[in-house]
Each structure stands twice: as C-alpha cells, then as structure tokens.
Amino acid sequence: MNALLLAADVNVAQNIGFYIIAAIMLYAAFSVVSTKNVVHAALWLVVVLGGVAAQYILAAAEFVAVSQVMVYIGAVMVLFLFGIMLTRASIGADTDVNNKDWKLGIPVGLVFFGVLVYTVVDAFEGTVIVEPSAAQIASSTTLISDGYLGDYLIPLIALSFVLLAAAVGAIVLARKD
Amino acid sequence: MISSLLAVEIPYWGQSLLRVLGGLVAVLLPAGMIVYVFLFKMMSFMQSRLGPMEAGPYGSMQLLAEVSKWLQKEDIIPENADAKIFKIAPIIVLASTFLLVVVVPFGPDAWMTNFQAGVFYALAIGSVSVIGILIAGYSSANKYSYLGGLRAAGQLIAYELPMVLAVVGVVIQAGSMNLQQIVVAQNTQEIFGLDWIGFPFVLTQFVGFLIFMIAVQAELTQAPFDMPIAESELVSGYMTEYSGFRFLIFFIGEFATAGVFAFIASILFLGGWGVPFSWFGWDTIDSVDNWMNVVGPLIMFSKMTLLVGIIMWVRFSYPRFREDQLQRFAWKVLIPVSLANIAVTAILKVAV
Numbered sequence: 003m004n005a006l007l008l009a010a011d012v013n014v015a016q017n018i019g020f021y022i023i024a025a026i027m028l029y030a031a032f033s034v035v036s037t038k039n040v041v042h043a044a045l046w047l048v049v050v051l052g053g054v055a056a057q058y059i060l061a062a063a064e065f066v067a068v069s070q071v072m073v074y075i076g077a078v079m080v081l082f083l084f085g086i087m088l089t090r091a092s093i094g095a096d097t098d099v100n101n102k103d104w105k106l107g108i109p110v111g112l113v114f115f116g117v118l119v120y121t122v123v124d125a126f127e128g129t130v131i132v133e134p135s136a137a138q139i140a141s142s143t144t145l146i147s148d149g150y151l152g153d154y155l156i157p158l159i160a161l162s163f164v165l166l167a168a169a170v171g172a173i174v175l176a177r178k179d
Numbered sequence: 116m117i118s119s120l121l122a123v124e125i126p127y128w129g130q131s132l133l134r135v136l137g138g139l140v141a142v143l144l145p146a147g148m149i150v151y152v153f154l155f156k157m158m159s160f161m162q163s164r165l166g167p168m169e170a171g172p173y174g175s176m177q178l179l180a181e182v183s184k185w186l187q188k189e190d191i192i193p194e195n196a197d198a199k200i201f202k203i204a205p206i207i208v209l210a211s212t213f214l215l216v217v218v219v220p221f222g223p224d225a226w227m228t229n230f231q232a233g234v235f236y237a238l239a240i241g242s243v244s245v246i247g248i249l250i251a252g253y254s255s256a257n258k259y260s261y262l263g264g265l266r267a268a269g270q271l272i273a274y275e276l277p278m279v280l281a282v283v284g285v286v287i288q289a290g291s292m293n294l295q296q297i298v299v300a301q302n303t304q305e306i307f308g309l310d311w312i313g314f315p316f317v318l319t320q321f322v323g324f325l326i327f328m329i330a331v332q333a334e335l336t337q338a339p340f341d342m343p344i345a346e347s348e349l350v351s352g353y354m355t356e357y358s359g360f361r362f363l364i365f366f367i368g369e370f371a372t373a374g375v376f377a378f379i380a381s382i383l384f385l386g387g388w389g390v391p392f393s394w395f396g397w398d399t400i401d402s403v404d405n406w407m408n409v410v411g412p413l414i415m416f417s418k419m420t421l422l423v424g425i426i427m428w429v430r431f432s433y434p435r436f437r438e439d440q441l442q443r444f445a446w447k448v449l450i451p452v453s454l455a456n457i458a459v460t461a462i463l464k465v466a467v
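One line per chain: the protein sequences are A and B, in this order. Its first residue numbered 3, the first sequence is counted upward by one per residue in the working numbering. Its first residue numbered 116, the second sequence is counted upward by one per residue in the working numbering.
Simulated from the structure, these hints should not be mistaken for lab results. Wrong hints could be hidden among the right ones.
EDC-like cross-link-like pairs, simulated, lysine to aspartate or glutamate; straight-line CA separation at most 20 Å [claimed, not checked]:
#, chain 1, residue 1, chain 2, residue 2
1, B, Lys464, A, Glu133
2, B, Lys184, B, Glu194
3, A, Lys38, A, Asp103
4, B, Lys199, B, Glu181
5, A, Lys178, B, Asp439
Here the structure is a predicted model, which is why all the values come from computation and not from measurement.
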C-alpha cells in the first residue's frame, strides 16, 4: 500500500507555495486569538480565510476558492466588521476580550486537530494524487454544477429550506410591529 | 501582412511580463482618462465653465500637476488613529481593483488569466474592497469617517446582491461563467436570423443591463448613491482623515474601479473585445486572427469609455438619494426585478 513517492510525482513549486501560505495562515491564526483588539482579530481572520482560498487555488479548485472569497471574505467578514463597528469598536486594546476560561479551549482544539489528522491520514494514506490535466481543471466548475443540480438535488433543496427558515426567523426577530 | 507579423511566438516569461504590464495599463490608463475627460472636462461643460485650462493644451497636463501635488504633501495620520490599519486601508481598496482586472479578456490571447469561474471571481473580488472602506472608517478615529464607513458597507452589501443576480441572466444565456466564452457566445450566436450584428446580450438582457449599471453606480459610491461620502453632512465620509498619497490611492481606486467595472459590463452585455465572427469567416476562438489582440483592446477601450460616460453623466445630473430610499430601492425594487429576470431567462432558455 505504501507506494514509494518519486521525485517526479512531487510538484515542487506547489509544495513550496503550500508551505509558505500555510506558515502565513498559522501566524495569522495565532494572531486572531492573541491580539488585544477585536477589529485586529477580525482582520487577521480575513488573512486566514484568504489563505484557505489560496490553498484551494493551489489545489486547482478555483470555483471553491472563489466561493471561499465570496462567502467568507465578502460576506461573513464584512458582517463581522459591520457588527463590531455598530456595537463596540474602540481604538486601542480592549480590556475584556479574553474569557477567563480560555484555557478550556486548548484541549478542544487539540482533539479537533487529532480527529482531522486521523481522518485525513486514514482516507488518503499512501495514495498518490495525480495532477489533474488542463481539461479536467477547465471542467471542474461544470462538474460541480452538474453535481449539485443532478445527483445532489434533494440535499440542495433541503439546505435551501434551512436558509429560508433562517431568513424568515431573522425577519420575525427584526420586526417590532 | 499584419497577421503574420503578429504571429510571433513569445516565450513564457515574455508573456507573463506583457500580462503584468497590460494589467497595469488596463487599470491606470482608464483611471487617468476618466478623471481628465469626464471629471475635469465633461463636468465643467455641464456646469457652463471651462475646467482646467492652464497646464498643457486644454489643461491636458493637469493630471500630472495634481498627482505631483498629492505626492509631495505630508502624510498625516491622526493622533488617535489606529495607524497600522489606517495605512493598509487604501491599499486594500486599490489592490482589489488590480485583482479585478485580472480576469478581463482584451483579445483572443490578450488575457491575464483565463479563469473558468471568471464572472463569479469578479463579483467576489469586487466585494473585498468593502473591507478596506470599513476599516478606513474605523481606524480614522473620527465620527464622520465612522458613519461614512458604516453607510458604505451597508450600501455595498445591499447593491452587491442585485449585481450578482443581474449577471446570472447573462451566464444562463452564454452557458458559461468564463468571460472569454461569454464574449465568444455573443459573437457567434445570431438573433432573429440576422447574422451580421452578432448577439450582444444587451438586446435580450436589457433589464439585467440596467440593474447591473445601477448596481455599479452604487458600488462605486457615485452620485446619486454617494451617501457614504456625502460632503454636506459627513465632510467626505471614510476619506475625511486621508491626505497626500493615501488620498491619491483612494482617488485612483475610485476611478480605476469605474473603468474595470465598465470593462466587465462591456464584456457581459456589449460583446466585449469581439466583432461578429462571421464578418471575417472565423467560427471558433482558435480561428480568430492574431490582429484582434491589438484591435480587441481598442474596441474594449471605446466601449468602456461609453459606459463610464453614462455613469458620469448620471453622476453629474442627479441629486443624492436619502439613506432609507437607497436601501428600499435595492431590496424592494432591484432584487425582485432581477429575480424575475432570472426566472424569465431560465424559462425561455429551456423553452426556446
């Protein structure tokens, strides 16, 4: 099962790019939790999410990468910043950003990391993923749309009902009359 | 003769260099052109005055004078400002413009990246500039900037949705999200049996075109959608505390983004760089002659000038929307109409 990885199988440039982006993401992720200012934390989170998009591009999944930018940076983070600015943004260090039980988060994070590593290693151990051809990359967007409007149509409709329920709920909460 | 002259094989590094330079030109040249032709001259003529006349013939060197004035000004950062974020904010706004032009094709080979999800990418990157504007408002430590930033974010979120929905109609008609293939679709299909005008989607997607241009106007915060920088109540919104070259970056960003969005609109609705392929007997993108790589950018540039002219014409003509009118217009008019447009387009696409 453990096939020997040949030098020809490894895309060196892609690997270098992966580790550079991963290092930036790690630094940004630590900054999210260590910075004293909420707005700075949100901006570091933007860097982390942008890094994820860059990794998707490296993996030739451009549609997923663009969705990542659209949903997380363009929508979620803008709403985060908007919410912070409407409620509590103060320039300089905030005094009460840290919850006093923050240490409890460390084992949770470690367990989550362990589960992820275990599943990825269990699923892909020893498999050499061949580089996709240009034609395969070109049709990836088509494949995704065929997938979710074909085989996965029922889950898509079910999910859209969840979103509809959320939207109706938001309107009910927001309306005073 | 010309086509054989242009059929040179350019090595990969040369192509990359040309693409980077082409991207710079495609952002900065329209920005300079828009500021001089529309902001200096057209606005002046509409207000019965001459505009700048001293620097160069008809004031055409005024831009150089303005830029050098801004560059030598002091870079002032307010005492209470969050200095790091304050410095980054204009760069995020301009960088998103440069990232936006990356997917715009200017000819059969004159593109920077041939992205499969091109339209989707353009819309996604277009929303990144909101972050720059928000943090510019936040970090200035000034209540006018703060209000301006919040208003800008609210407006940009509201008008992004009709923009995305307006584009869906074009994507359905072209059957692709790749901007290059959208251009090809408009120049190879025919309408009403007429095969000599191609099929610019503005003919069938006129509603989508209107919604897209209105949304662009709002995304660029040009009047009548300039509530975020309303000078009579907010000084100049999120830009209040910026001076010197940081203000210049915001300024270039504003007009460069106008140019790039006009490029994207001309690709989606007006046929992009192409001429109807039947004129010269081409059938596919591969058979297009090489001289289109030179003529294509010129066609794009003239279409961009036309669309920016419309944007500026509206800007100089109409008074400002009130904040609540502006939000109501987006959510209660534009979004329902664009959803109806998608439904009708999809039904006709399947039925016809």
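Verification of the supplied hints:
no. : hint                  : in the structure
1   : Lys464/B <-> Glu133/A : 36 Å, violated
2   : Lys184/B <-> Glu194/B : 24 Å, violated
3   : Lys38/A <-> Asp103/A  : 16 Å, holds
4   : Lys199/B <-> Glu181/B : 27 Å, violated
5   : Lys178/A <-> Asp439/B : 18 Å, holds
Checked against the numbered hints listed earlier, the structure breaks hints 1, 2 and 4; every other hint is satisfied.
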